[in-house]
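**Q** Sequence:
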Amino acid sequence: MTEAAGGRKADEVKSAARVLEVLELLGRDGARLSLAEMASAMSVPKSSLHAILRTMQARRWVDLDSAGTRYSLGLKALLTGTAYLEGDDVASLAGPVLDTLAEETGEAVHLGRLDGTDVVYLAKRESRHALRMYSAVGRRLPAHATALGKAVLSQYDAAEVQRRLNWPLERLTPDTVTGPDDLLAQLAEARLRGWALDDGENAVDIRCVAVPLGATPSGGDALSCSAPRSRMDDARLEEVASAVTGAAHSLRTLLKRLGQH
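Under the working numbering, the first residue of the sequence shown carries the number 876, and numbering increases by one thereafter.
Don't read these hints as lab results, they were simulated from the structure.
One should not assume that every hint holds.
Claimed, not checked - In silico BS3-like cross-links for lysine-lysine, where the CA-CA straight-line distance does not exceed 30 Å: (1) Lys951 with Lys921; (2) Lys889 with Lys951; (3) Lys999 with Lys951; (4) Lys999 with Lys1131; (5) Lys889 with Lys921.
Let the sequences and hints guide you as you build the complete structure.
**A** Printed below as a string of structure tokens:
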């Protein structure tokens, strides 16, 4: 499939593609953008985009602020996203497993899925502590800088990892690994021990352990547990890794039973 103008695929319907581009653009980090900003980002005429936005606003896919100048995602986007999670086997079965893991560790736990070069949070449970990391369902993070992403990537061979990622890799903190040799070494270590580690690579002073779920329907899911370094020394890291490994095994068992029915 070849690329058309504006980054579209040659066989895409232009109007449909532009609607999806609007949703993708506004879905990045809760963006609130003006018509001019969106038209510039999408490389489309403001008049054409304005007509699309009017239709999307009428159907509640986008909202316009009180000043009438900036657009954001609307309620229909939330409802559709919620329906996606409710219909997803892994996310729907993960709830009790995440509850148990959060209770056992007292820390923030997540279910994540690889999507392109990023990991997307599908579910989370908060830490019981006042000092905690920021995260939210639907948030995207670079896979190479997260334990969730590295856990999933550890299931692929070196050639596939290099094909999937965009090089050079983005550096999020001074400890983020950006070179292929270093990342592949981390993935090999994760593969051997069964869990991946983010040691301040996504957020300074936050450590995270993640375990891949293996042959899930999406093929790219993992569970994780994160905590500030002050609560996750090396000894605690091993304990948390054991807990996450047990949780991942429990969820795999539930998924296997579901597949037998």
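**Q** For each hint, tell me whether it holds in the structure or not.
**A** Each hint tested on the structure:
no., hint, result
1, Lys951 with Lys921, "23 Å, holds"
2, Lys889 with Lys951, "22 Å, holds"
3, Lys999 with Lys951, "22 Å, holds"
4, Lys999 with Lys1131, "22 Å, holds"
5, Lys889 with Lys921, "15 Å, holds"
No hint from the list above goes unmet by this structure.
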